[in-house]
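Protein sequence lines, in the order shown, are assigned to chains A and B. My numbering puts the first residue of the first sequence at 916, with every later residue one more than the last. My numbering puts the first residue of the second sequence at 101, with every later residue one more than the last.
Everything labelled a hint here was simulated from the structure, so no lab data went into it. Please note that a few of the clues may not be correct.
[What the hints assert, rightly or not] If you only want the chain A side, here are some residues facing chain B, beta carbon under 7 angstroms, derived:
| id | residue |
| --- | --- |
| 1 | Pro-933 |
| 2 | Thr-1035 |
| 3 | Leu-1050 |
| 4 | Glu-1071 |
| 5 | Leu-1109 |
| 6 | Ser-1114 |
| 7 | Asp-1115 |
| 8 | Gly-1117 |
| 9 | Ala-1118 |
| 10 | Gly-1119 |
| 11 | Gln-1122 |
| 12 | Val-1127 |
| 13 | Pro-1130 |
All of these numbers come straight from a predicted model, not from anything done at the bench. Beta carbons are placed, not taken as given, at the ideal position from N, Cα and C, and that holds for glycine.
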Amino acid sequence: MATPHTRERLFLFGLLTPVTLLLGIFFLLPLAVIVIYSWLMPGLYGGVEWEFYHWNYGRLFGWADGVMEIYEPIYLKILLRSLSLAILTVLLTLVLCYPVAFWISRLSPRWQVVFLFLITLPFFTSLVVRLYAWLLILKPSGVLNSTLLGMGLISEPLEILFTRTAVVIGMAYVMIPFMFMPLFASIGNLDRSLLEASSDLGAGRVQTFFKVMLPQTMPGVIGGSVIVFIPSVGNFVVPDVLGGAKGLMIGNLVEQQFLSARNWPFGSALSVVIMAVVLGVMLIYVTRLVREGRAS
Amino acid sequence: MTQILEVRGARRVFKTPEGGTVAALDGVDLDVGQNEFVTLLGPSGCGKTTLLRSISGFEQLDSGALMLEGKDIGRMPAFRRPVNTVFQSYALFSHMTVERNVAYSLEVAGASKQEQKILAGEALEMVGLSGTGSRMPSQLSGGQRQRVALARAIVARPKLLLLDEPLSALDRRLRQKMQIELKALQSELGIAFVFVTHDQEEALTMSDRIVVMRGGQIEQCGAPRDIFRKPRTKFVAEFIGDTNLFETTIECVHGGRILALTREGTKIWLSEETKLAKGDAATVVIRPTDLQVQDAHSSCGFRGKITRVIYLGTDLHYYVQPAVGGQELLVVSRTDGSRRAPGDEVTLTYRPERAHVVEDC
Ligand SMILES: Nc1ncnc2c1ncn2[C@@H]1O[C@H](COP(=O)(O)OP(=O)(O)OP(=O)(O)O)[C@@H](O)[C@H]1O
Ligand SMILES: [Mg+2]
Chain A
916 MATPHTRERL FLFGLLTPVT LLLGIFFLLP LAVIVIYSWL MPGLYGGVEW
966 EFYHWNYGRL FGWADGVMEI YEPIYLKILL RSLSLAILTV LLTLVLCYPV
1016 AFWISRLSPR WQVVFLFLIT LPFFTSLVVR LYAWLLILKP SGVLNSTLLG
1066 MGLISEPLEI LFTRTAVVIG MAYVMIPFMF MPLFASIGNL DRSLLEASSD
1116 LGAGRVQTFF KVMLPQTMPG VIGGSVIVFI PSVGNFVVPD VLGGAKGLMI
1166 GNLVEQQFLS ARNWPFGSAL SVVIMAVVLG VMLIYVTRLV REGRAS
Chain B
101 MTQILEVRGA RRVFKTPEGG TVAALDGVDL DVGQNEFVTL LGPSGCGKTT
151 LLRSISGFEQ LDSGALMLEG KDIGRMPAFR RPVNTVFQSY ALFSHMTVER
201 NVAYSLEVAG ASKQEQKILA GEALEMVGLS GTGSRMPSQL SGGQRQRVAL
251 ARAIVARPKL LLLDEPLSAL DRRLRQKMQI ELKALQSELG IAFVFVTHDQ
301 EEALTMSDRI VVMRGGQIEQ CGAPRDIFRK PRTKFVAEFI GDTNLFETTI
351 ECVHGGRILA LTREGTKIWL SEETKLAKGD AATVVIRPTD LQVQDAHSSC
401 GFRGKITRVI YLGTDLHYYV QPAVGGQELL VVSRTDGSRR APGDEVTLTY
451 RPERAHVVED C
């Protein structure tokens, strides 16, 4: 006979089955394909040969023999560059969004809706179009430079476009809504009386921020960081448009391998490495924050 | 007595969302003595919280002065004021242990870890919570959280402790227990308390002085006994305790004796100083505990018939309809042998000095 408990389980099972199947088919299956491909030999004209082949990773990590494949440290360098870009993006969006989220959370509900709408507004146009707008802003004869020149703040145009600075600006721009939303949710839920209590007990603004406000809104900080960090590592559109030749990121590399070099196994190997690194970084970051949250 | 806190002419006007304005504080003068337990009492919306928040620094006064130990603190930011608050919602830091919560004010002041530990331990012991220091606030009961909030507010020995309805979330039993403990703690610490409540019983139990507020102003301020015995206005009389009110006209004033006549013609004798003269209207208050139920043939007093008897353990409540008409009177007497029942004809007597004239606003 079904006790209420087992009935509840059946019910849950019924609810979870569709999403499990969906995830299994559309997420795990492609993932498995990528992992398997990364250990196969590239076909001569794209595609794969079904033969075990570890030089894809050898090419990346240095055990390539120079005959089958050539080891190039540049790949790891690009990976590191992409990671640091992602970290920079996280920090920049965090610093930009936190005060704004705090400010908006103190407005009346009507104004909150207005600002939330404004923040999601960029999603209404295509990413590429928006990035080309940045191109126009940042280029030597662009809006930014002509304004600064006109005001006499600089004597010759700033070389921003096609540098890492441009990529960071573009990335931060693209990622701001993703950082903002979890932060806003967290800060909006913050109990204001906690801040008053802290101040009442003698803590100044800075102390109140670091001892009460930041720890209390940590879930939003962690959530926003994760959501921004992961797509930032592999993003290839922003470096493509704003980064120029020097701004090549790991995402561009993967894109090239799949689309122009047609070396799917190597592209897959790169993807697997990105995933492993991102997973590793996330695990360290989240466990550290959770542990800190518990300790303090 | 030296004053620890002086509030002079405090005014605070809020804009309401509807576009109007409301004077939450409308010219409040208040003195709090060293080691005094002052209670702010009044109906919802009368400005108690606003007054408290102005003292702690979370509201700025529009005008008026705020002096702590003779120093003007009106422009001082909240975190500099040597005044701590126990919040109604407790406002404990959920990401810190109980001990760190309690030690918070020491921590931000830069005390050593050891000092923090010792003082927090002492404060927790004072509120009867030793040994819970390593727990998180979420692992405590409501009453325990309330004690933690208290310990946190007293650990640094503020000059003045503000408490905004700290007991309102507790059940009746616990609340009565905490009232007594709080009072004991206050005399032990020697810190002045300003305590907000809208529970008159709580105010009478704990306070050295009660400040009755109404519409942003202080209606009356005095010792619990005076507030209860000699309410200045009808509002205070009705707000504190049950009361019998008589609308009367003064018939004659002679020496300390006054004779007042109700509209129905009942005579009420009073014995108090007054500026009233013959012909003036006066509202007279007689507390239900000051009326005695006598047999019908007794001489002076209110004749009437019992309509209801309510048994409340130690007390009996009689509702009596006066024979001449008018409002039903309430009599509270101790439960004794006499068994009177609804329908009995009785006379209610009182001592003239227990009848009291109040202002009519
Ligand atoms: N921030 C504010 N904005 C607008 N009006 C306010 C604000 N704070 C208080 N008021 C108004 O000021 C008046 C006094 O409020 P206050 O909170 O001091 O009352 P209270 O005596 O503490 O009442 P309660 O017993 O319900 O807590 C009320 O009419 C209230 O609506
Ligand atoms: Mg209040």
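Results for each hint:
1. Pro-933: 35 angstroms, violated
2. Thr-1035: Because about 27 angstroms separates Thr-1035 (chain A) from the closest Cβ in chain B, which is outside the 7 angstroms limit, the hint is violated.
3. Leu-1050: Violated, because the Cβ-Cβ distance from Leu-1050 (chain A) to chain B comes to roughly 44 angstroms (cut-off 7 angstroms).
4. Glu-1071: 47 angstroms, violated
5. Leu-1109: 5 angstroms, holds
6. Ser-1114: Because about 5 angstroms separates Ser-1114 (chain A) from the closest Cβ in chain B, which is inside the 7 angstroms limit, the hint holds.
7. Asp-1115: At 5 angstroms from the nearest chain B Cβ, Asp-1115 (chain A) passes the 7 angstroms test, so the hint holds.
8. Gly-1117: At 5 angstroms from the nearest chain B Cβ, Gly-1117 (chain A) passes the 7 angstroms test, so the hint holds.
9. Ala-1118: 4 angstroms, holds
10. Gly-1119: 6 angstroms, holds
11. Gln-1122: 5 angstroms, holds
12. Val-1127: Hint holds; Val-1127 (chain A) Cβ to chain B Cβ min 6 angstroms, cut 7 angstroms.
13. Pro-1130: 5 angstroms, holds
Of the numbered hints stated above, those contradicted by the structure are hints 1, 2, 3 and 4, listed in ascending order.
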